[in-house]
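Chemist: Given the coordinates of chain A, work out where chains B and C should sit on it, guided by the hints.
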Amino acid sequence: MIGFLATRGLRLFAVLVVVSFLAQLLIELLPGDPTTAILGLQASPEARAQLHSDLGLDQDPVSRYFSWVAAAAQGDLGTSISWGTPVTDTILERLPITLELLGWSILLALLIAVPLAVLTADRPNAWTNRIAAVSSLTLISTPVFILGVLLAGVVGLKLGWVDVSGYVGWDGGPGPHLQSLALPAVTLALGQVAMYYRMLQSDLLRTLREDYLLLARTRGFGRQRILWVHALRPSLTSLLTVLGLTIGSLIGGAVIIESIFGIPGLGRLLINASLARDFVMVQGVVLVIGLTYVVVNLTVDFLYAAFDPRIRL
Amino acid sequence: MLNSRKRWSAGVAAALLAGAVALAGCSTPADTERAGDEPVPGGTLKFVVSADANGFDPQNDTFSGQTNTMARTILEPLTILDAEGNWQPYLAESVEPNDDATEWTIVLRGGINFSNGDVLDADVVAKNLEGHRTKPVNAGTLADIESITVAGERTVVVSMARPWATFPMYLTTQIGLVVPEESLENPDEASANPIGTGPFLFGKHLRDSSLTVEKNPDYWRADEGLPYLDGIEFRIIPDDEARGLALESGNVAGISTRDAKDVAKFKDDADYIVTRTTGMAVPESVYVLNTAQGALQDESVRRALAAATDRQTIIDVVREGLTEPASGPWSEDSPWYVESDYPDFDLEAAQSAIAEYEAAHGQIELTLMTLADASALQTAQLVQDMWKKAGVDLTIDQLDQGTLIDRLIKGNYDISSMVEFSAPDPDMERLLFHGATLAPIGEISPNITRIDEELINDGFDRGRASIDEAERKDAYAQVQRRLGEIVPIIWIDHLSTASIITSASVGGVGQYELPSGQMEYGPYGNPSPALNFHAVWIVDQE
Amino acid sequence: MSTSIGLRRARASHAPRSRLLLWLCAAWVVLVIGLALLADVLPLADPTETLVGDPRSGPSSDHWLGTDVLGRDVLARVAHGARVSLVVGLGATLIGLVLGGVIGLLAGYFRGWVDTVLMTVVDAALAFPSLVVALLVVTFMGPSLLNVLLVLGILSAPAAARVVRGGTLTVSRREFVTASRALGARPRRTILREVLPNVVPATLSFGFLSVGLVIVAEGSLAFLGLSVRPPTPTWGAMVEEGRASFEVDPWATLGPAAVMILTVLAMNLIHDVMTSDVTTLAELEVDPDESVPLASFEELQPSSDDGGLVNGVEPSDAALAVEDLRVTFDTPFGPLYAVNGVSLAVRPGQTLGIVGESGSGKSVLIRSILRILTGSVREHRGRVWISGSQVSGLSDEEFSTHVRDRTGTIFQDTSTGLNPVRKVGVQLREVIRFQTGCSRDEAGARARQLLQDVGLSDPDRRLRQYPHQLSGGMRQRVMIAMALACDPEVILADEPTTALDVTVQDQVLQLLHEQHETRDTALVLVSHDLPLVANWADEVVVMYLGRIVESGPADEVLAHPRMPYTKALLDAVPSPFDEGTARLKAIGGQPPRPTDAGSGCAFATRCPFVQDKCRQETPPLLQGDGPVRHQYACWYPLPATGAGGSPEPSTLHEEAHHGR
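Protein chains in written order, with this note's numbering: chain A, 1 to 313; chain B, 1 to 542; chain C, 1 to 660.
Excised from the complex, chain A in its bound form (with noise of 0.2 Å):
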């Protein structure tokens, strides 16, 4: 357990360590002088030297990466600096809807991608099998975006059936808020319930043809009971795999919904932080991105050892 906590910690510190150099470098990138997108048209060359040291930009990039690592140590990430609000204030007030968005269309996923691919586990050749399998590679294939602009598209603007306005807060009221997150949280989970379903429907092929399935099936035990209470627990540790893995991905997806349904999460902090240059700003953001990756994956591996009982941490 402690040794398993040490070596996971260390590989996942090397990613977060990783991710903030690469955060850093980033900024040696920037083309131009990140003050003139501050501070506009009309400001004298006095305020922008002013805030040129003001951002730490006149020291090498060295000390200015170990400052910030020190600081973020500490939870503070800096002031903003187009919004010159703390950006450790900016990202958890962003942060849980991001997680929100992301949470609801894993549920959404796993709720759909689980029952369909035990129910057709045990008829891999019957014709919803067939269709599922061709759907869901044809789901796989569809880039988050296309999904995003057909779906906002049909459901959204020709059947009317869901509010494309916007996002509203559950402070608005649980009906709206749910409502104003329900497409971007579909579309992001159809690719992922495509993914799912593809793992969970092979491990459970595997599974079945175990001796204990086999045996459980002499047993007089009905199908409904083999698949779910038998076979299903055995399976997930793809399943859990592919979650883990995918959550970058889910992320970079969510990125582009966020954009597309205005959703005000990290992902559209991030693309406006960066198109205004605010690069404290992004800074802070990539590196919550590793870091809830680097939270997921500790999850997952933890949800091993719970579903699995050989596996000992």
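One should not assume that every hint holds.
Distance ranges between label pairs, derived from CB positions [said to hold, decoys possible]: (1) C:Ala27 with A:Val154: 25 to 31 Å; (2) C:Ala26 with A:Leu291: 40 to 46 Å; (3) A:Ser67 with B:Ala436: 15 to 21 Å.
Among chain C residues calculated to face chain A with C-beta under 8 Å, some are [to be verified]: (4) Asp123; (5) Val137; (6) Ile261.
None of these hints come from the bench; they were simulated from the model.
C-beta atoms are modelled at their ideal positions from N, C-alpha and C, and glycine is treated no differently.
Modeler: Then chains B and C, alone, in the frame of chain A:
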């Protein structure tokens, strides 16, 4: 048995999907109840703007049209524009010049308090003006001010280095917005949590998403029943499509837009009211030319490019035919407009002029900077194709606003797409053209076309110094004619699609009667127009 | 028997269908590449020329996909847009494969700390959402084809490194690489000569996946306005431009979107087919008896006539009876006749031993009786009686109800026979409660009793443990307890002791025997170990390649084997470790593939006494000439006198020896 199972397993996915959609629910717009002529108090208005404010501190944040839309529910200016586009005293009771307009005396209205309880007095107004004069955002604009003195409890005197007849016009802008002392002392707080004298109080702000403001029960015009609304919820929707959809679905009651598609969609629909900008408030869509380098130093090339640009086609394709072609900064329905020698569309003339230049200097290759918004890109690609026919290679460079502005003011560009010139007074465009603000390439120059024209400098100087209407008209006519000759800017169209679109259940847009008795100026501002919500009301649809 | 209808399943013939799919995908990819290459030559409009038609008009004869918002031809733009997608897709994949290939080869070849360091970096790089990185880099460095190409190329390197490393690791452990390393060949030489060619197939298949991924990534960037500059058309930018007028003119969006999806789909399908081809080839090397790829619930076809005696037993009196059971699998080599017309019967309280080598069909026989066959079954027919009633015609549900409290089954592999993620007690109690409908507490008490009965110490502790916490012998006892939970009338034990060490083997068999004695249960004991089975069984059946070749009372068969194969089984020394190595020592040679269903005795290829007749005619299973019931299928049976198991082949037979 087997079959039914199969069907069940196939049906599960469908059912779950349907469930997900059902969770989202349905929202069809209710039959719109029309607002009559009589204001109805109460209700909350949901209104969409396209971008969030960087902050609400008029001292330190640059206010865009969207910022103004939201901020001016809380903050109010010293002077305000009337329906004619003239300034009227607002928080000020009067604003009077001395004879040569080198000294302006501002007398404040009595009995006005900030929402934190502070009294609006000469002291705080002087501190506000002093702040604007010294802080980077507006220091350039107020460079002519010499001193600001408190001359009484409600009297402030502003002295100028040279005559400045249009000074009160500037008090209608962000410069005139007055905040209490506590906001001046704590800019971060002022930016996040504005306090003012306005009809509404700051509520909750979720950046990039929404801002709510609530009725100020102690508003200084409360005895007149103002404001009518109990509150406003601003929604920030950057996506052009989604904005129109939000209005159409009935989820919001109004939007501020400059998208021609929105105007085209709603203008003939009786369930909506489209209030378009007019006169000076109309912004112009233009291509700014850097006259300080390359082929664009040559006046004949600039004129040829103008001649190669078929403005009407752009209007037909990109603006749904809704706007008028432009040949100068001010539209024909503004009092300042005069005709000029600006080139008409003439492809052959353009081709021969370009050919002549290229014979001597080689192929013309230019790069156009543009923001990545849809209609700007469409225009750019149309122009690219038009100029190609005239023999000019144009590369389109999509940039973010920051980089674009940086390159613009340092002169590191050939051509830039821009939407500008929505100020109510010509004097407010002075910095863009005056030789006094010119700097060499690489250094910062608000004069982005980098021209230094005697006639233009003189025109702006005369227009600023004079209080005489005829004298001023003559001065700006001189400016327009010269601009038409030398073409530092290719004018495309007067963007009168900049508008406020509301559901028919909303009343009072542009109908605010000022304390001085005049009606307010209509929607104006850039990049999308702002409006005052003081007299707006909504027929409750619940 | 002729009236029973064989159940034919749709052949899970992957090959022709996937080949067709592969061709379709390849054709589409070629079409798109052709469109991109020939876009200038084809009679298409200039993709950048505006107003070649009315803006936002739908498909027409002039403009097959309509025109976009600026009146440009959508088809022309899609064709030209393919250039960007393909250049970036192929280019970035190439960059990624070269970069990642070098990293992967180095890591996989040198292993050790090189591997650790390189892979830690690769993992960290894989961790971060690549789209976010690409988005940031392109925003900051400015959108251009080169920037996009470079960023996406570098970003696809880590995944390529993983794939190449995996391949290299596998290859570099093989003999020829180890050998060339031992011979002192330079790493570079070895990598280039030996390793690289062997990782190419997997890498190539990954390449297709990667091209698809990069095309999606480029599209996403273009959609956000972060790819090639306008007016150069890209699919992503076209979708973005088109969506503003989706209501009026959906084609400007749907056109590029569909082409993009189809292209990515084609890439993914090619990758899928390539990977599954690799696995199919791998599976072919496995013993066909175990390579059955798919699981399914099977139905045994009913029989129309009730038949008569089976092995002299009235089926309705038998605990278990089987008549003319046939199971045929589909394999890439053709049909595999795993069980080929087997009939047998067990009386209540009797023990039947079924003996044969691996692959003789004995396990398939048990599984087919229980309807738990796995694999692509082509034919499964015959008649089965369990505790006196015919079950062949029952539906799955009826069969299940009938069988569940009449049979108990034990499998060979103790590590797979119990559900690894559920506690022993949970599994045992579930079986008890399900089959008896008793209360939770009763089931708990009964479970404890059962574990005690099978000789497990500290049953309470065992009940709380997971299977992996028990030893093999304990697990086998648990399995036996589960088989006994319902007081079955017949216990089917498939190699119950093979996986156990010798001392435990005996205990387990003793235990089974006791249970069978005390409860008067019939026992079917399947094993490859004839002497062992003969010790415990009343009757013995010997199987070879799906057929019964000899059967009779255990002591009779043991004492007087008539079929040379049985004799060979008796002489064989089974390895205690691995069933597979228990080769027939007395007689060499390999059995023919069970897919070759030629005529003649199946044992002819290995029989030391083979005659021409053996190769030409299949010997029937016939009652021997002795007084005892003893059947065998042999044209030239061994003399019935050879008691004690010492072979005395006649000289005549010796001369005809053809063993290889």
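Chemist: Hint by hint, say whether it matches the structure.
Modeler: Each hint tested on the structure:
1. C:Ala27 with A:Val154: 25 to 31 Å: 29 Å, holds
2. C:Ala26 with A:Leu291: 40 to 46 Å: 43 Å, holds
3. A:Ser67 with B:Ala436: 15 to 21 Å: 42 Å, violated
4. Asp123: 7 Å, holds
5. Val137: Because about 7 Å separates Val137 of chain C from the closest Cβ in chain A, which is inside the 8 Å limit, the hint holds.
6. Ile261: Where the cut-off is 8 Å and the nearest Cβ of chain A is about 5 Å from Ile261 of chain C, the hint holds.
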